[in-house]
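The task is simple: from the sequences and hints, build the whole structure.
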Amino acid sequence: MTEELKNIVLQKLTGRFGADIVATHSDFGDDTALVRRERIVEICTYLRDDPDLLFDFAMDLTGVDYLGEEPRFEVVYHLYSIEKKHRVRIKARVPEEDPVIDSVIPVWVGMDWFEREAYDMYGIIFRDHPNLKRILMYEEFEGHPLRKDYPKARRQPTVGPQE
Amino acid sequence: MAEIEAYRREAGKLDMQAEPMILNIGPSHPATHATLRLIAELDGETILKLTPEFGYLHRCFEKESENATWTQVIPYTDRLNYVSSLMNNVGYVMAVEKLCGIEVTERCEYIRVLICELSRIIDHMVCIGTNMVDIGALTNFWYFWKPREEVYMHLIEPLTGIRLTTAYTRIGGLMWDLPDGWVEKCRDICRNVIVPAIADVNALLTKNRIFIERTMGVGAITPKEAIARGFTGPCLRAAGVPLDLRKDEPYLGYDRFDFDVPIGEEGDTCDRYMVRMEEMRQSLRIIEQALDQLPEGPINVDDPRFILPRKADVYENIEALMNHFKHVMDGVQVPVGEVYSATEAANGELGYYIVSKGAGGPYKIKVRPPSLPLFQGMPHLCEGGMIADLIAVLGSVNIIAGELDR
Amino acid sequence: MTREKDGAPGFLTTRFEALLAWGRKYSIWPFTFATACCGIEVMGAFGTHYDIARFGAEVIRFSPRQADMLLVAGTVNYKMAPVLQRIYDQMLEPKWVVAMGACASSGGFYNNYSVVQGIDKFMPVDIYIPGCPPIPEQIIDAIVLIQKMIETGEPRARDRWPIKI
Numbered sequence: 001m002t003e004e005l006k007n008i009v010l011q012k013l014t015g016r017f018g019a020d021i022v023a024t025h026s027d028f029g030d031d032t033a034l035v036r037r038e039r040i041v042e043i044c045t046y047l048r049d050d051p052d053l054l055f056d057f058a059m060d061l062t063g064v065d066y067l068g069e070e071p072r073f074e075v076v077y078h079l080y081s082i083e084k085k086h087r088v089r090i091k092a093r094v095p096e097e098d099p100v101i102d103s104v105i106p107v108w109v110g111m112d113w114f115e116r117e118a119y120d121m122y123g124i125i126f127r128d129h130p131n132l133k134r135i136l137m138y139e140e141f142e143g144h145p146l147r148k149d150y151p152k153a154r155r156q157p158t159v160g161p162q163e
Numbered sequence: 164m165a166e167i168e169a170y171r172r173e174a175g176k177l178d179m180q181a182e183p184m185i186l187n188i189g190p191s192h193p194a195t196h197a198t199l200r201l202i203a204e205l206d207g208e209t210i211l212k213l214t215p216e217f218g219y220l221h222r223c224f225e226k227e228s229e230n231a232t233w234t235q236v237i238p239y240t241d242r243l244n245y246v247s248s249l250m251n252n253v254g255y256v257m258a259v260e261k262l263c264g265i266e267v268t269e270r271c272e273y274i275r276v277l278i279c280e281l282s283r284i285i286d287h288m289v290c291i292g293t294n295m296v297d298i299g300a301l302t303n304f305w306y307f308w309k310p311r312e313e314v315y316m317h318l319i320e321p322l323t324g325i326r327l328t329t330a331y332t333r334i335g336g337l338m339w340d341l342p343d344g345w346v347e348k349c350r351d352i353c354r355n356v357i358v359p360a361i362a363d364v365n366a367l368l369t370k371n372r373i374f375i376e377r378t379m380g381v382g383a384i385t386p387k388e389a390i391a392r393g394f395t396g397p398c399l400r401a402a403g404v405p406l407d408l409r410k411d412e413p414y415l416g417y418d419r420f421d422f423d424v425p426i427g428e429e430g431d432t433c434d435r436y437m438v439r440m441e442e443m444r445q446s447l448r449i450i451e452q453a454l455d456q457l458p459e460g461p462i463n464v465d466d467p468r469f470i471l472p473r474k475a476d477v478y479e480n481i482e483a484l485m486n487h488f489k490h491v492m493d494g495v496q497v498p499v500g501e502v503y504s505a506t507e508a509a510n511g512e513l514g515y516y517i518v519s520k521g522a523g524g525p526y527k528i529k530v531r532p533p534s535l536p537l538f539q540g541m542p543h544l545c546e547g548g549m550i551a552d553l554i555a556v557l558g559s560v561n562i563i564a565g566e567l568d569r
Numbered sequence: 570m571t572r573e574k575d576g577a578p579g580f581l582t583t584r585f586e587a588l589l590a591w592g593r594k595y596s597i598w599p600f601t602f603a604t605a606c607c608g609i610e611v612m613g614a615f616g617t618h619y620d621i622a623r624f625g626a627e628v629i630r631f632s633p634r635q636a637d638m639l640l641v642a643g644t645v646n647y648k649m650a651p652v653l654q655r656i657y658d659q660m661l662e663p664k665w666v667v668a669m670g671a672c673a674s675s676g677g678f679y680n681n682y683s684v685v686q687g688i689d690k691f692m693p694v695d696i697y698i699p700g701c702p703p704i705p706e707q708i709i710d711a712i713v714l715i716q717k718m719i720e721t722g723e724p725r726a727r728d729r730w731p732i733k734i
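Protein chains in written order, with my numbering: chain A, 1 to 163; chain B, 164 to 569; chain C, 570 to 734.
Source of the hints: derived by calculation from the structure; they are not laboratory data. A quick note: this is a predicted structure, and the numbers were derived from the prediction, not measured. One should not assume that every hint holds.
What the hints assert, rightly or not - Partial list, derived from the structure: chain C residues whose beta carbon lies under 8 Å from chain B: (1) Thr604; (2) Met649; (3) Tyr679; (4) Ile704.
To be verified - Calculated pairs, DMTMM-like style, for lysine to aspartate or glutamate (alpha carbon to alpha carbon, straight line, at most 25 Å): (5) Lys84/A to Asp421/B; (6) Lys84/A to Asp30/A; (7) Lys91/A to Asp102/A; (8) Lys387/B to Glu42/A; (9) Lys520/B to Glu70/A; (10) Lys84/A to Glu428/B; (11) Lys91/A to Glu412/B; (12) Lys489/B to Asp476/B; (13) Lys91/A to Asp27/A; (14) Lys474/B to Asp343/B; (15) Lys85/A to Glu429/B; (16) Lys176/B to Glu208/B; (17) Lys148/A to Glu225/B; (18) Lys133/A to Glu216/B; (19) Lys212/B to Glu139/A; (20) Lys152/A to Asp493/B; (21) Lys176/B to Asp206/B; (22) Lys133/A to Glu168/B; (23) Lys85/A to Asp423/B; (24) Lys387/B to Glu441/B; (25) Lys133/A to Glu546/B; (26) Lys387/B to Asp56/A; (27) Lys84/A to Asp49/A; (28) Lys133/A to Glu225/B; (29) Lys148/A to Glu97/A; (30) Lys520/B to Glu96/A; (31) Lys410/B to Asp52/A; (32) Lys410/B to Asp27/A; (33) Lys12/A to Glu412/B.
Idealized CB from N, CA, C, for every residue including glycine.
See the structure below:
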């Protein structure tokens with residue numbers, strides 16, 4: 001990638017969305033943008049459809065628990081463009097008392113189970129998700145295990161045979 | 164669900180009350196390769212709706228890694244994709260090295276390429292072998308298990324000390340160097356054991372009428388759908404999309420080697436099988452070139468912040484003793500930041516997203532498993548088909564529960 | 570069959586039981602409940618190099634009603650435990666349980682909220698195979714130990730279950 005084309009992703013994002021892009025950096029070679037959670041679906045649609053960016057491949061979605069910071073949770077999206085061969089990371093902070101963010105399934109249908117896993121592990125609720133249930137733990141499980149205040153070695157009651 | 168409504172409507176016309184039959188292809192089933200669950204709603208033998216479920220092997224990789232040092236995470240990564248554990252090790256230490264800014268030595272790169280390609284070959288052998296067992300062609304399983312045993316006994320065990328869960332790579336290098344005679348043995352096994360095994364299975368399957376009837380046209384997917392659902396790896400390449408991280412974003416010096424990436428056309432089970440067979444042959448090409456070009460030199464970076472000191476120094480020298488102690492007790496000190504690093508594992512893109520807060524262990528590691536989007540796409544591949552096709556597709560998509568559930 | 574005056578089994582009974590034991594020990598039908606990495610080593614044990622068919626345990630039955638040895642290979646977590654319990658209950662007597670690998674014996678190096686710390690928390694286990702994963706020769710060793718158990722008529726773990734301390 002030539003010098004002018006470097007960071008084209010971040011340039012176009014900040015050019016189009018301005019104040020909604022809270023922070024950007026390119027540490028360790030990864031372009032990263034921290035955005036406001038209310039605009040996430042529009043930002044993702046723009047990233048997918050803009051002819052210079054063309055992020056048609058959503059690689060990963062995860063949550064991170066920054067216990068002690070406010071807002072506490074962060075939802076991280078990793079995107080890849082097959083044609084342009086560039087990557088970007090989009091992050092959106094979500095506070096603990098209102099852990100709701102819009103679901104990006106309308107943009108990339110493959111994000112379905114990643115969002116369910118973020119809900120199961122962290123308790124982040126994705127608005128308009130068609131089937132937001134637990135995916136890794138069993139249905140009756142209480143708590144969200146990957147939060148930092150959940151003890152690692154807690155024992156569970158053994159449930160009987162399921163139907 | 165539209166098909167179920169249509170089904171009920173048709174039955175209502177005949178004045179019957181009909182419900183689709185729910186069949187639970189449960190977590191303990193030989194064809195699900197353990198711990199996958201599929202709930203199928205059937206009309207006769209046709210699948211109207213398929214609901215996959217997993218989580219029966221959730222072993223909390225991420226929570227365990229948050230309580231471990233950087234090097235202690237490496238054994239946990241082995242057990243992610245346990246049929247090709249060396250690739251997971253390589254992917255993880257590459258991500259940490261990207262965060263630390265380390266450039267490994269050339270010999271280390273070549274050895275990592277060698278073990279990655281050997282792991283790719285044995286992974287494809289397991290996939291095709293077990294897929295064929297489910298379809299009914301048991302002989303291929305035995306034909307492919309013999310090269311696996313040879314690779315385990317004569318290559319991986321002398322190199323790492325154990326057959327399956329290796330933990331061979333370290334941050335900044337490798338555990339130890341290749342033993343004597345390994346290079347010749349590798350060449351010998353590749354030429355005299357793996358090539359005939361692939362030829363045998365090819366002769367049994369590729370022009371076999373029954374195999375073609377059972378796999379052609381079964382579980383097909385278009386390139387656009389595959390990309391939308393996040394498929395990577397042989398399943399995506401079988402659908403016709405030329406995405407291979409070894410060519411598009413070369414790492415470990417893959418651009419030094421001359422190899423092709425097979426692309427399919429239809430995206431059905433037969434194409435996935437053909438892509439995997441051809442990838443094994445291309446991996447053999449890469450192994451031959453890497454063995455020819457293997458340079459001499461150190462395998463570890465010469466940096467005491469990341470590499471344990473020599474044992475002789477530890478016993479004689481107080482600084483080396485302190486260095487060793489800090490490494491083992493506190494862990495490698497990695498700078499603050501976050502990084503995402505992806506490699507082309509046997510099943511697709513294996514990505515590690517690592518968040519570090521400068522401590523001796525990670526703050527968070529997320530593994531992007533290649534099997535998760537594939538299992539998520541199972542309804543799309545199988546709905547409308549029959550139960551027998553479901554079994555064929557499930558085997559060809561190669562879901563490894565270890566990395567799916569983490 | 571005759572019995573002596575003090576209730577001990579007579580000559581014919583012991584011969585018949587020895588014949589039964591000989592038949593049982595050379596035809597153990599395993600149910601491989603393979604969940605994780607140990608499952609790959611089980612497949613290796615049943616392969617051509619470490620041929621376990623030599624010991625009679627060749628016929629793998631994926632139905633619990635038709636098997637007499639439950640070989641639990643791999644990690645069992647809280648979501649999978651009810652499934653395993655149900656399979657164990659469906660097996661017919663006499664049955665033996667082998668816990669293969671560190672995860673099935675005691676949870677392995679996974680000490681966390683999702684992994685059961687050994688299947689002997691909810692079912693009796695006869696043989697524990699250590700290792701992570703154990704090499705296929707250890708599985709053969711376990712089969713031979715079970716054959717010895719059958720031959721000597723040793724009480725199985727199920728007869729001492731639950732262990733009361």
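Taking the hints in turn, this is what the structure says about them:
1. Thr604: 5 Å, holds
2. Met649: Since chain B brings a Cβ to about 4 Å from Met649/C, closer than 8 Å, the hint holds.
3. Tyr679: Since the shortest Cβ distance to chain B is 5 Å, the answer is holds.
4. Ile704: 7 Å, holds
5. Lys84/A to Asp421/B: Answer holds: Lys84/A to Asp421/B is near 23 Å, not above 25 Å.
6. Lys84/A to Asp30/A: 15 Å, holds
7. Lys91/A to Asp102/A: Roughly 13 Å separates the two Cα atoms, so the pair holds.
8. Lys387/B to Glu42/A: 22 Å, holds
9. Lys520/B to Glu70/A: 17 Å, holds
10. Lys84/A to Glu428/B: 22 Å, holds
11. Lys91/A to Glu412/B: 23 Å, holds
12. Lys489/B to Asp476/B: 15 Å, holds
13. Lys91/A to Asp27/A: This hinted pair holds, its Cα atoms lying about 14 Å apart.
14. Lys474/B to Asp343/B: Holds, at about 21 Å.
15. Lys85/A to Glu429/B: This hinted pair holds, its Cα atoms lying about 24 Å apart.
16. Lys176/B to Glu208/B: 21 Å, holds
17. Lys148/A to Glu225/B: 11 Å, holds
18. Lys133/A to Glu216/B: The given pair, whose Cα atoms are some 11 Å apart, holds under the 25 Å limit.
19. Lys212/B to Glu139/A: 21 Å, holds
20. Lys152/A to Asp493/B: Holds. Lys152/A to Asp493/B sits at ~20 Å (cutoff 25 Å).
21. Lys176/B to Asp206/B: Within the cut-off at roughly 16 Å; holds.
22. Lys133/A to Glu168/B: Given that 25 Å is the threshold and the Cα spacing comes to 24 Å, the pair holds.
23. Lys85/A to Asp423/B: Distance ~19 Å between Lys85/A and Asp423/B Cα, so the pair holds.
24. Lys387/B to Glu441/B: 23 Å, holds
25. Lys133/A to Glu546/B: Distance of about 22 Å is within 25 Å: holds.
26. Lys387/B to Asp56/A: 10 Å, holds
27. Lys84/A to Asp49/A: Holds, at roughly 13 Å.
28. Lys133/A to Glu225/B: 20 Å, holds
29. Lys148/A to Glu97/A: With Cα atoms ~16 Å apart, Lys148/A and Glu97/A stay inside 25 Å; holds.
30. Lys520/B to Glu96/A: 21 Å, holds
31. Lys410/B to Asp52/A: With Cα atoms ~22 Å apart, Lys410/B and Asp52/A stay inside 25 Å; holds.
32. Lys410/B to Asp27/A: Satisfied, since the Cα-Cα distance of roughly 24 Å is no more than 25 Å.
33. Lys12/A to Glu412/B: 23 Å, holds
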